[in-house]
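2 protein chains.
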Amino acid sequence: MHILITGAAGMIGRKLTERLALDSAIGGTPIDKLTLIDIVAPARAEGLSGHVTSRTVDLAEPGTAAKAVAERPEIIFHLAGVVSGEAEIDFDKGYRVNLESMQQLLAAIRAVDDGYKPKLIFASSMAVFGAPFPPAIYDEFHLTPLTSYGTQKAICELLLADHTRRGICEGVGIRLPSIAVRPGKPNKAASGFFSSIIREPLAGREVTLPVADTVLHTHASPRSAVNFLIHAAELPRDKLGPRINLNMPGVTCTVAEQIEALRQIAGDRVVARIRREPDVLITRIVDGWPHRFDPRRALALGFKAEGSFDEIIRVHIEDDLGGKIAN
Amino acid sequence: MHILITGAAGMIGRKLTERLALDSAIGGTPIDKLTLIDIVAPARAEGLSGHVTSRTVDLAEPGTAAKAVAERPEIIFHLAGVVSGEAEIDFDKGYRVNLESMQQLLAAIRAVDDGYKPKLIFASSMAVFGAPFPPAIYDEFHLTPLTSYGTQKAICELLLADHTRRGICEGVGIRLPSIAVRPGKPNKAASGFFSSIIREPLAGREVTLPVADTVLHTHASPRSAVNFLIHAAELPRDKLGPRINLNMPGVTCTVAEQIEALRQIAGDRVVARIRREPDVLITRIVDGWPHRFDPRRALALGFKAEGSFDEIIRVHIEDDLGGKIAN
Chain H
1 MHILITGAAG MIGRKLTERL ALDSAIGGTP IDKLTLIDIV APARAEGLSG
51 HVTSRTVDLA EPGTAAKAVA ERPEIIFHLA GVVSGEAEID FDKGYRVNLE
101 SMQQLLAAIR AVDDGYKPKL IFASSMAVFG APFPPAIYDE FHLTPLTSYG
151 TQKAICELLL ADHTRRGICE GVGIRLPSIA VRPGKPNKAA SGFFSSIIRE
201 PLAGREVTLP VADTVLHTHA SPRSAVNFLI HAAELPRDKL GPRINLNMPG
251 VTCTVAEQIE ALRQIAGDRV VARIRREPDV LITRIVDGWP HRFDPRRALA
301 LGFKAEGSFD EIIRVHIEDD LGGKIAN
Chain S
1 MHILITGAAG MIGRKLTERL ALDSAIGGTP IDKLTLIDIV APARAEGLSG
51 HVTSRTVDLA EPGTAAKAVA ERPEIIFHLA GVVSGEAEID FDKGYRVNLE
101 SMQQLLAAIR AVDDGYKPKL IFASSMAVFG APFPPAIYDE FHLTPLTSYG
151 TQKAICELLL ADHTRRGICE GVGIRLPSIA VRPGKPNKAA SGFFSSIIRE
201 PLAGREVTLP VADTVLHTHA SPRSAVNFLI HAAELPRDKL GPRINLNMPG
251 VTCTVAEQIE ALRQIAGDRV VARIRREPDV LITRIVDGWP HRFDPRRALA
301 LGFKAEGSFD EIIRVHIEDD LGGKIAN
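One line per chain: the protein sequences are H and S, in this order.
Counting from 1, one number per residue, gives the positions in the first sequence under the working numbering.
Counting from 1, one number per residue, gives the positions in the second sequence under the working numbering.
Careful: at least some of the hints might be erroneous.
Claimed, not checked - With a straight-line cut-off of 20 Å between C-alpha atoms, the simulated SDA-like cross-links for lysine to any residue are:
no., chain 1, residue 1, chain 2, residue 2
1, H, LYS93, S, ARG165
2, H, LYS239, S, PRO132
3, H, LYS93, S, ASP113
4, H, LYS93, S, LYS324
5, H, LYS93, S, GLN103
6, S, LYS117, H, ASP92
7, H, LYS93, S, ARG110
8, S, LYS239, H, LEU146
9, H, LYS239, H, GLY28
Source of the hints: derived by calculation from the structure; they are not laboratory data.
Kindly produce the complete structure, drawing on both the sequences and the hints.
Here it is in structure tokens:
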């Protein structure tokens, strides 16, 4: 089995690579080749017995996608993309990286034209939805994104579905909820605090909470995101039907519940490192985001997230902190 | 007021041109210039006192859209496109004409960059929806097209909404139901019979009905389609909000009700020209189409279709047969 990962240097890309290296197989088939591509140099996968190739390339550049599919990877995880904030600030870059890369990839697969029909697992986002929302976003709710990022993801989903319907590839689009707890440094994303209010106190650092603790949001861990991607690749085609883009499950809770989970796990001293400092702009942005989902199809298809925010914190401690926390 | 119509040589384009020529104004403002473009030569608008320019150009060709917006039309009706069947048979042509033309047009508007912000009225289609359907398609029902044509229209809607949100244009996408009674010769579209079972008998010719007369479908006349386009252009921006793509109203009835309306208007002898000749393929295609809509937003915004299929037939007789029918 040959697997291609685009955007392999990103946080989810790195974790997916590590997991595939650990498993050495997918759907019961040994992985004998792993190709990692990204616009920045992807980290080398340690531990994978098979052959690993890393390439630093721009997928939106004509010819790059053709090279990437020339060796006929049976499974492609398409994770490459710029984040929401960047796509909003730089209109051209967002459409180029988030949309044209997908168009190039699909065109390259179609151009092979010898019966090649890879599985193409696409990391989409709940940003395809835009307010106003029903109490819980159901599977048939329409896509009216309120960002260019969400627009680009929604268009990629439509293209993926049409190419799948025509037998060019076997696509699955998975709409990820917010990923928490993100490892690494705080970033400027408006959603960053959902992770940093857990990560920073656990690492012994102070952090500010820019919204009211009544804010309700849906989260899944990076480990769950990787599980979703792998489960999507393993899903039998006939279970899916023509509606290939799916809302993923997650843990819905308030910020207060996130903080209480942290207290249960790490104690009052850790929680005391969270300083409340309301930010009007971030509050307004977050108010426009979906709060709750009712992802029946994904659950019926066997996609699983954590059962509680406690569990999400424990996954972070296990996967990113080597099981240790600073008290 | 300068108005640009793309796809001006098509059936709706011609009728819109005639209507604008007749009205000589839109939203109370006199029309002093009308530019018609199409890949085939658009018919010259008779009766328009202002200056009319016709150009035979390919909008998907780089540079064409820039020329089309160089004279800053305040309203653009974007009707250009290939039909469903053609987009399904010719993958590349469908994406080129139906998607790249819109991308070129939006890019050309954005490139002006001097505060130019035209109204852009886009003729979308109910083909953005795909089975299975709820009993009536509501405004928040998701888009899961089952044709490349529907996919291309859905992508254009998303692009239009994002460009509108960013202040590049003032877009409105109107999802047209089936247009009946289409004038002219029978075509090979699977939906053709909805029109031809009325048009052909009225013209003294025999016609075959390929489906059961229990088939339920939603129709609007070409005159209503033109009304929708003009109403969309006249709609005050603040009434619309960010969800700019709208399901249009129509008349929902069975084929039996269509035929009964024809009998009431033209008599048994005309109806006797319809020969029932079931076609398995057409029946299967039509079964996959939406039957009924619940277009609350469009109705609340003042979009109006006919009240009955009788009225649709009378519009055809008035607009296309000069008020006369062959008994």
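These are the hints, each one checked on the structure:
Straight-line distance between C-alpha atoms of LYS93 of chain H and ARG165 of chain S comes to about 18 Å, which keeps the hinted pair within the 20 Å bound. About 16 Å separates the Cα atoms of LYS239 of chain H and PRO132 of chain S, which keeps this hinted pair within 20 Å; it holds. Under the criterion of a C-alpha separation no larger than 20 Å, the hint pairing LYS93 of chain H with ASP113 of chain S is consistent with the structure, at around 18 Å. Taking the CA atoms of LYS93 of chain H and LYS324 of chain S, the gap is about 58 Å. The hint is violated against a cut of 20 Å.
At roughly 15 Å between alpha-carbon atoms, LYS93 of chain H and GLN103 of chain S fall within 20 Å of each other, so this suggested pair holds. With a CA separation close to 19 Å, the supplied pair LYS117 of chain S and ASP92 of chain H stays within the 20 Å bound. Restraint check for LYS93 of chain H and ARG110 of chain S: satisfied, since their Cα atoms lie roughly 15 Å apart, inside the 20 Å limit. For the given pair, LYS239 of chain S sits about 18 Å from LEU146 of chain H by alpha-carbon distance, which is consistent with the 20 Å threshold.
Taking the CA atoms of LYS239 of chain H and GLY28 of chain H, the gap is about 18 Å. The hint holds against a cut of 20 Å.
Consistency note: the structure conflicts with earlier hint 4 alone.
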